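K.L.:
Please construct the entire structure, taking both the sequences and the accompanying hints into account.
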Amino acid sequence: MIWLTWRQLRGGALTVGALLAVLAVVLGLTGPGLADDYSTTIAACSSQGGGCAGFVERFFEDNRITFLAAAAVVLVLPALIGVFWGAPLITRELEAGTHRLVWNQSITRTRWLAVKLVVTGLAAMTAAGLASLAVTWWSSPVDKAAEDFPRMEPLLFAARGIVPVGYAAFAFALGVTVGMLVRRTLPAMAITLAVFVAAQIAMPLLVRPHLVAPVRSTVEITPSNVTGFVRGPDGVLLVEATATSPDDWVLSSHVLDAAGHAVDAVEAPSSGPCAPSTAPAEEATGPEDDPQVAACLADLGRLGYRLEATSHPAGRFWPFQWYETGIYTALALALAGFCTWRIRRHVS
Amino acid sequence: MTAALRARGLGRSYGRLWALSDCTLDVPAGRVVGLVGPNGAGKTTLLHLAVGLLTPSTGTIEVLGGRPAAGPAQLAKVGFVAQDSPTYAGLSIEDHLQLGARLNPGWDDALARDRIRRLGLDLTRRAGKLSGGQRAQLALTLGVAKRPELLVLDEPVASLDPLARREFLQDLMEAVAEHELSVVLSSHLVSDLERVCDHLIVLVASRVQLGGDIDTLLATHHRLTGPRRDPARLPADQHVISASHTDRQSTLLVRTEAPILDPAWTVDQVGLEDLVLAYMGQSATDRRDAGRPPTLEVQR
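Those sequence lines, one after another, are chains A and B. Read in order, the letters of the first sequence are residues 2 to 349 in the working numbering. Read in order, the letters of the second sequence are residues -1 to 298 in the working numbering.
For the record, the hints were derived by calculation from the structure and aren't laboratory data. Heads up, some of the hints might be wrong.
Claimed, not checked - Computed footprint of chain A on chain B; a stretch qualifies when at least three of its residues, placed anywhere within it, have a C-beta under 8 Å from a C-beta of chain A:
{"#": "1", "stretch": "66 to 74"}
{"#": "2", "stretch": "78 to 92"}
{"#": "3", "stretch": "97 to 103"}
As the list claims (entries may be wrong) - On the chain A side, residues computed to face chain B include the following (Cβ under 8 Å):
{"#": "4", "residue": "W4"}
{"#": "5", "residue": "L5"}
{"#": "6", "residue": "R8"}
{"#": "7", "residue": "A97"}
{"#": "8", "residue": "R101"}
{"#": "9", "residue": "L102"}
{"#": "10", "residue": "W104"}
{"#": "11", "residue": "Q106"}
{"#": "12", "residue": "I108"}
{"#": "13", "residue": "P247"}
To be verified - Facing chain B, according to a computed beta carbon distance under 8 Å, are these residues of chain A, among others:
{"#": "14", "residue": "M2"}
{"#": "15", "residue": "G98"}
{"#": "16", "residue": "T99"}
{"#": "17", "residue": "N105"}
{"#": "18", "residue": "S107"}
{"#": "19", "residue": "T109"}
{"#": "20", "residue": "R346"}
Computed from a predicted model, the values in this text were never measured in an experiment. Idealized CB from N, CA, C, for every residue including glycine.
P.N.:
Structural data, given as structure tokens:
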């Protein structure tokens, strides 16, 4: 049965294998150079004594497209596996009538399905794991430079580490289940894709933030953590700030007034450095280099305004990876169990 | 000897539609059984129940003393070639033989390869490139080479031209003689079955209308021709299957165990095809006369 499963998977496996080989060659050839570039960039800017921010930013800009493309491969691969390996696994037998051939060999259909699920499922997980491994390794210098893309945030979280393995297992089992219920290949493929994408959107929005209670932190307003400062037309101050490290996954962030209520905009006090009359400009100003803004921010702190943020710190990356891989693998096992139960009676 | 097939009150419904109802059958082992009936009569449903592709909605079915598809041992005892002889279009003939060898403990590889060689098929040929007749032969090879005790064939010759049809059936008969198989094969044409079968089941509108060894069926049915008379006035042991009348003459098809003694009748043998058609026609009448038990089984 393993032989037949492999014989039927061969075409798809070779396609995915070729894809992975191309990925490995491209990443393998450019990866070491990339890591060297990064260390020379850092060495150069450190020896010049200035900040490295500009160099790092340029380094990221140079590699931005490959970086995003590599992440996209890891994000898309599980969906492709679900659509092209999972959904047709049973439907193409039903459509060609070959289930009537194979289910009358001396092997029960439960065993037939179990072997197919295990062999193809493991192949799917291996493919996703290898892709993620290659991309995670290649991207590690760029990840350090990509300040706008912390790996804790949903986009990169799903394209790094071990979660792609869980996604692939889930997508595959989902495809098989949908195929078994819908019984026709094309609709099954479409539904599998839709459900998988919905799950991938729902997970970071609804589930992942609550895997562990987020950290709630409150800090003083200082020029160093304010990222935006605008004097509004009606004498309000719009303050945007971050109360966390840039690698954290920020769920929400807002300004609290002295009474502890979250406020959208701070009403400017009528006197002091924030008073509208002393405003030098109506437009946004950089908080760090403008002494008046700095004075105003200090005044806001004195008036009791603080910053509050809820976030998951960067250190939770691996625990979250394990939790999520576990959740998706458990879902995949549940779907596989459903399929083996259902094939005994309801499919013919 | 265990029966090849034994059904008691067997029925299968799809939603509110009954594809097969109240089917009671005993088919002894060692027979070549023809299952005949018009399209949509429930032949495929009955065969799928026999090989365990379907489970009964009502009643029970036993094949060679076991529940169909109950486990690997039961599956090994029954070979099945489904309608249109499905094969894996992308796999070669060699791959199909591998499949058979790996999935069946009793696989007879020499037999399979010998058959393929005699058919003149190229082992590297993909099944998708074979003609309908060649595909049917490949499917039959898989069915025979697993060395089952019972071989079930669903419309095996429907897609074949007359020559291929004859060759296929001849080939099947050789395999049957060689390996002492029981066979159940279905067709909507009596002429296909007449030459190869020794037992017949007529299925019409989801019900079994007739079942028995062909010799017995032919010996107990007679065509009577004589002066016109009312069929109701026949002796009690003569069951009228069909009747047609002209102004002066009546032609009746009757079933009886006893000899026909009335000298007014001219008694003729009935052909199998006429017999089957008479039962099919009778079932149409039955459906108009609701309330009468429609099933009629000839005891052997």
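K.L.:
Looking back at the numbered hints, which does the structure fail to meet, lowest number first?
P.N.:
13
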